[in-house]
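Asker: Sequence order for the protein chains is A, B and C. Basically our numbering = 1-based index in the first sequence + 34. Basically our numbering = 1-based index in the second sequence + 15. Basically our numbering = 1-based index in the third sequence + 28.
Think of the hints as simulated: they come from the structure by calculation, not from any bench. Note that the structure is a prediction, hence the values are computed from the model and not measured. Treat the hints with care, as some may be off.
[Unchecked claim] Here are the simulated SDA-like pairs of lysine to any residue, each with C-alpha atoms no more than 25 Å apart in a straight line:
(1) B:196 to B:511
(2) A:155 to B:353
(3) B:284 to C:200
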Amino acid sequence: MAENRIRVLIAKPGLDGHDRGAKVVAQALRDAGMEVIYTGLRRTPEQIVSAAIQEDVQVIGLSSLSGAHNHLFQKVAGLLEEKGYTDILLIGGGIIPDKDRKKLEEMGFDCIFSPGTSTSKIVEFIQDRVNG
Amino acid sequence: MTDKSGQDKLRQQLEEWRKGPLAGFQKRGWKETYTSYREPIKDIYTPLDFPEEKYLEKSGFPGQYPYVRGVYPTMYRGRPWTMRQYAGFASAEESNRRYRYLLEQGQTGLSVAFDLPTQIGLDSDHDLADGEVGKVGVPIDSLADMEILFADIPLDQVSTSMTINSPAAVLLAMYIALAEKQGVASDQLKGTIQNDILKEYFARGTYIFPPGPSLRLITDIFAYCSRELPRWNTISISGYHIREAGANAVQELAFTLADGIAYVKAALKAGLEGDDFAPRLSFFFNAQMNLLEEVAKFRAARRLWARIMDEQFGAENPKSKMLRFHTQTAGASLTAQQAQNNIVRVTIQALAAVLGGTQSLHTNSYDEAWALPSEESVRIALRTQQIIAHESGATSTADPLGGSYYLEALTDDIENKVEEYLEKIEEMGGMVEAIEKGYVQREIQKSAYEMQKRIEQEEDIVVGVNKYAHEEAAPDDLLEVDPRMEKEQIKKLQEIKKNRDEQEVEQSLNKLKETAEADENLMPAIVEAVKAYATLGEICGVLRSIYGEYQAPTF
Amino acid sequence: MVKKVAELVQGIGEGKEGALARALTLVENRGSGYRELLDEIFPLITPCPIWGLTGAPGVGKSTITNFLAGELVEKGEKIAIIAVDPTSPFSGGALLGDRVRMMDLAGKPGVFIRSMASRGALGGLSPAIMDAIALFQAFQVDRIIVETVGVGQSETDIVALADSVTVVMMPGTGDDVQTIKAGLLEIGDIFAVNKADLEGAETLAGLLQSMISSRTEEGQSHQPPVLKMIASQGNQLEQLLQEFFHHQEYLNRGELKEKKERMRGEMALKMHLQARFQDLFLGPLLGSEEWEQALKSITGREKSPAYWAEKMIPGRD
Numbered sequence: 035m036a037e038n039r040i041r042v043l044i045a046k047p048g049l050d051g052h053d054r055g056a057k058v059v060a061q062a063l064r065d066a067g068m069e070v071i072y073t074g075l076r077r078t079p080e081q082i083v084s085a086a087i088q089e090d091v092q093v094i095g096l097s098s099l100s101g102a103h104n105h106l107f108q109k110v111a112g113l114l115e116e117k118g119y120t121d122i123l124l125i126g127g128g129i130i131p132d133k134d135r136k137k138l139e140e141m142g143f144d145c146i147f148s149p150g151t152s153t154s155k156i157v158e159f160i161q162d163r164v165n166g
Numbered sequence: 016m017t018d019k020s021g022q023d024k025l026r027q028q029l030e031e032w033r034k035g036p037l038a039g040f041q042k043r044g045w046k047e048t049y050t051s052y053r054e055p056i057k058d059i060y061t062p063l064d065f066p067e068e069k070y071l072e073k074s075g076f077p078g079q080y081p082y083v084r085g086v087y088p089t090m091y092r093g094r095p096w097t098m099r100q101y102a103g104f105a106s107a108e109e110s111n112r113r114y115r116y117l118l119e120q121g122q123t124g125l126s127v128a129f130d131l132p133t134q135i136g137l138d139s140d141h142d143l144a145d146g147e148v149g150k151v152g153v154p155i156d157s158l159a160d161m162e163i164l165f166a167d168i169p170l171d172q173v174s175t176s177m178t179i180n181s182p183a184a185v186l187l188a189m190y191i192a193l194a195e196k197q198g199v200a201s202d203q204l205k206g207t208i209q210n211d212i213l214k215e216y217f218a219r220g221t222y223i224f225p226p227g228p229s230l231r232l233i234t235d236i237f238a239y240c241s242r243e244l245p246r247w248n249t250i251s252i253s254g255y256h257i258r259e260a261g262a263n264a265v266q267e268l269a270f271t272l273a274d275g276i277a278y279v280k281a282a283l284k285a286g287l288e289g290d291d292f293a294p295r296l297s298f299f300f301n302a303q304m305n306l307l308e309e310v311a312k313f314r315a316a317r318r319l320w321a322r323i324m325d326e327q328f329g330a331e332n333p334k335s336k337m338l339r340f341h342t343q344t345a346g347a348s349l350t351a352q353q354a355q356n357n358i359v360r361v362t363i364q365a366l367a368a369v370l371g372g373t374q375s376l377h378t379n380s381y382d383e384a385w386a387l388p389s390e391e392s393v394r395i396a397l398r399t400q401q402i403i404a405h406e407s408g409a410t411s412t413a414d415p416l417g418g419s420y421y422l423e424a425l426t427d428d429i430e431n432k433v434e435e436y437l438e439k440i441e442e443m444g445g446m447v448e449a450i451e452k453g454y455v456q457r458e459i460q461k462s463a464y465e466m467q468k469r470i471e472q473e474e475d476i477v478v479g480v481n482k483y484a485h486e487e488a489a490p491d492d493l494l495e496v497d498p499r500m501e502k503e504q505i506k507k508l509q510e511i512k513k514n515r516d517e518q519e520v521e522q523s524l525n526k527l528k529e530t531a532e533a534d535e536n537l538m539p540a541i542v543e544a545v546k547a548y549a550t551l552g553e554i555c556g557v558l559r560s561i562y563g564e565y566q567a568p569t570f
Numbered sequence: 029m030v031k032k033v034a035e036l037v038q039g040i041g042e043g044k045e046g047a048l049a050r051a052l053t054l055v056e057n058r059g060s061g062y063r064e065l066l067d068e069i070f071p072l073i074t075p076c077p078i079w080g081l082t083g084a085p086g087v088g089k090s091t092i093t094n095f096l097a098g099e100l101v102e103k104g105e106k107i108a109i110i111a112v113d114p115t116s117p118f119s120g121g122a123l124l125g126d127r128v129r130m131m132d133l134a135g136k137p138g139v140f141i142r143s144m145a146s147r148g149a150l151g152g153l154s155p156a157i158m159d160a161i162a163l164f165q166a167f168q169v170d171r172i173i174v175e176t177v178g179v180g181q182s183e184t185d186i187v188a189l190a191d192s193v194t195v196v197m198m199p200g201t202g203d204d205v206q207t208i209k210a211g212l213l214e215i216g217d218i219f220a221v222n223k224a225d226l227e228g229a230e231t232l233a234g235l236l237q238s239m240i241s242s243r244t245e246e247g248q249s250h251q252p253p254v255l256k257m258i259a260s261q262g263n264q265l266e267q268l269l270q271e272f273f274h275h276q277e278y279l280n281r282g283e284l285k286e287k288k289e290r291m292r293g294e295m296a297l298k299m300h301l302q303a304r305f306q307d308l309f310l311g312p313l314l315g316s317e318e319w320e321q322a323l324k325s326i327t328g329r330e331k332s333p334a335y336w337a338e339k340m341i342p343g344r345d
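Produce the complete structure using the sequences and hints provided.
Answerer: Dropping the structure here:
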C-alpha cells in the first residue's frame, strides 16, 4: 500500500540568523502532513543541494533576510541544474525586493513568496505543484 | 479609596454595572480581547486594580527605587532621549563619510552596523562569507578597516555604539588600539558594545563559541573595562531580537532579564564586584504595536530589574538597580503590503517607547520589509521621533500614563508572569541550561507559530495584509548593495596581509592562544593582536581552535 | 516500472547518491516496484556494523552522531546515518531537525544522512528502516549509525536492528529509577550520561552502574560501561567511539553476531509480513461494506470483534 508523503527541505543559506519565518513555515508544512527537513543556520549552497539529493525531497524552500539572496539563491538553482535536479520545486522567501523576485523566478525559482504571505498559500502552492 | 468601606461600595457598584448597563449593551456587540501573551483583558479597570495605598511601594517617584516611573527624576524635561539610528553601509569609506556628515549636523552618537561575516568572526574571504560581505553593514577584517571607518573622527568626542556580540572583544580591542593611535586615553572612550551572546543562541543566530567560553569573554570585557574604560557600556542585554523571533511581551522581558541574571552571576563567579560592573549594564527592548501593553512592559522591566539587583544580588549602588534601555521599533511588524502604513505603525511604537521612558530610540524605516532603507525613508523615521519629542506633548511630564488603572494592572500582571518564567528557568539550572535544552527556543517558536495562525484565521488583524488589502505595485526605488564591494574588500584584506609583519602577527596569536588556555583576561592579548594587524578571522580562529563552535540544538 | 527499478539498482551498484536516495524513498513509500527493488539489491549487500543511539529528545544524540561519523570518515570510512523522528499523529507530517546538529557533516563526502519519519509505526520505528539498512549495505557503506528517539516501542526495536546500542541519558529529564526500570537497562550495550556537569549526573551514573552490576550475570564477559560525558564540549566522545569498537570486537568473538543477524532477519521478515497483511487483508477490508456491517454489529452488541475477525479472515485456530 503506497504512502506518498511530500518531503520538503527548508534551508537557511548564508550567515543570516533570522529563522523565525523558516521555522513557522516548517511547522505549517508539517501540520499539512508533509515531512520537513530543516537544515539549521549557515549552510552553503553546496551543502543545501547535497542534503536535498540525499533526502530526496520534492521541494526546497530557502529563506534569507540579509540581502544575500541574489547570490546564494542563484547558486542553489545553478547547482541543481548542473546536477540534473531541475524537477525539484524551488521556492524562496525573506526580504526580497520585487525586482530580485522576478530575476530569481527567471533563473529557475518556481516562486518567491513576499513577506506577509500566508502559510496556507504556501501549502496550497506546494500541494498543487507536487501532486497536480 | 483607601478605606475598606469605599472599596466594598466600589465593588458592589461595579457588579451592578456589569449586570445592568454592560450586560445590556454586550448583547449588541462584544469581543473578547487578550494581551499579546494571551491573558484575557477585563471589561473595565478601576481603583480596585491599583489601590492607592500601594503607590509608594510599587511606583515611587522618578529616579527612585523601584524606578517604575523612570530612572531619572527629570526624565525628558531634563533632556530628551537620544535619537540613535542604526545604520550600516557597505564599506568603511562610505560609512565614514556618513558619520562625518552626521557629526557636522550636530549628532554626537554613532551607531555602527557590521556585516554578517564580521559578526560571526569570519574574514571577508572565507567560504561562508560568500555573498554576505557588506550586505547588512560594514565589513571589518582588521584594524586597517577600523582606521578608515573612523578617519578624522576624534574618538574622545563621540559616543559609539557597536552592534557586535560574539567577537565584541575583538572590535572593542580595535577601537582601543585606534584611540591609542589618535592619542586618546582609553578612559575617555564612550560608547556601547552589544556583547549579549545568550540571545544569539536562541533569537539572532550570530554566535561563534559555546556558552562557557562566550561568558568568559564577556566577563573579561567587564573586568577590563571597569579598569580601563570606565565610561564604556559593556553590554546591551537585548530583548529586541527575542521579540522579533516571535516572543510575546512577557517572554521578551523574561528571557532578557534571565540573560541579565546569567551575566551578573557569571561576573560574580569570575570574582568581579557587583557594584563595579552592574552600573554599566544596559538593556535593549522592542516596541511593538500594542501601545499600552508595551508601556506596561517597560515599566515592569524597571521594577523587576531593580528588585532582582536589590533582593537577589544585594546591590548597594543605586545605579546598579537602574534599568536603562535603548528601544527599537518592531521590524517584524512592518508589512511589505501598503508600505507607507508602516510610518503610522512606527509612530505608535515610538510613542510607546517614549511613554515607557526609554533612554534612546531607533525608529525603523517604512520600506524595510523590502530592503535596507533608502535615505528618504530613514529621514521620515527620524522625523517621527522629532515630532513626538517636540509636538506631541508626550514629554511634558514623567511617566504620563502612570496611575491609569489598566496600565498599572498590566504592569503588575506582566511582572508576575515574568517572575513565573524566571522561577522556571532557575529550576532548570539557569538560562544557559534552558537554552541548551531548547526550552527557550520552543517557547518562542510556539508563540511565533500561534501568532501566525491567528493572523491567518483573521483573529488578529494586520491592516493591508489580511484586511483592507488591495492590489499594488511593489516599490522600486530600493537601496542596493553593489556586488563588487565584496571583491574590493577581499583585495583590501589581501593587501593588508601582504604588508604586515608576519612574525609579529604569529607571536601575538601564539600569545593569545596561551592566554586563552591559561584562563587569564583575554583583552590585553587581543589588543596586542589587533595592533599587529592580525585579522578578525585569525583572532577568532585561534579562539575557535580552543573553544570549539556552538552547535544549535535540534529543531 | 521495471525499468525504473533496474536503473535504481544499477545506480546503487555504481555508488550514485541520487539513485540510493530515490530508492530509499521508494521503499519508504512502499511504492510500486519496491519489492522487486529489494529483491534485486539483495545479492549486492555487504553486511556492515550497525550502531544505534537512542534516548529522549534533547539528550545530545545528534551531537554524538556528528562526532562519531566525523571521526570515522576521517579514517576513510563511508558512513550512513539514519535519523528517525516521530511522525505527528495528528497531521501525518513530521519535523526532521537532526541535520541542525550535524553541522560538521553537512555536504561532507563519504557521509550520507537520511532523515526518516516513523510514519505509521505505533511509537516504534518505521518498517522501512530495515529496508533502508539493506539499501545502504548494498551501497557498500562501512558503517550505519541509527539515531532514534527513545520513546515507546522504538527503544526495543533498536536492539533488533543494531549490533551495538548506546543509550544516551542526561540528569534532570526524568531519566530516573522509574524509566530505567522500564526496560532501558536491557537494551543498552553502552550507557552515556551526557551533560555530566549538571546536577544529578553523578547520582544517575551511580544508579546505572549499580543496576548494571546487579543485572550482569556471572561469567558474562560484557558489562555495559557507563560513560559520563559533556558531548557539546567534545568531552569523552573519543572514549565512546572506543567503547563501540570494544563492543564490536566482543560481538565478533562469540556467537552473538550470528544471533544478531538472526534477530535482524526475523524482524525484517515480520515487518514485511505485516506489510503484506496490511496490503492483502486489512487494506481491502477497511471501509468496505463488510467493515461497516461489522462495526454496526459490534456497537449494537450483536456479535463480538473476535467473531468478526474470524469471519473476515477465516482459518485454523
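Asker: All hints are to be evaluated individually against the structure, with a verdict given for each.
Answerer: Consistency of the hints with the structure:
no. : hint           : result
1   : B:196 to B:511 : holds, 18 Å
2   : A:155 to B:353 : holds, 19 Å
3   : B:284 to C:200 : holds, 23 Å
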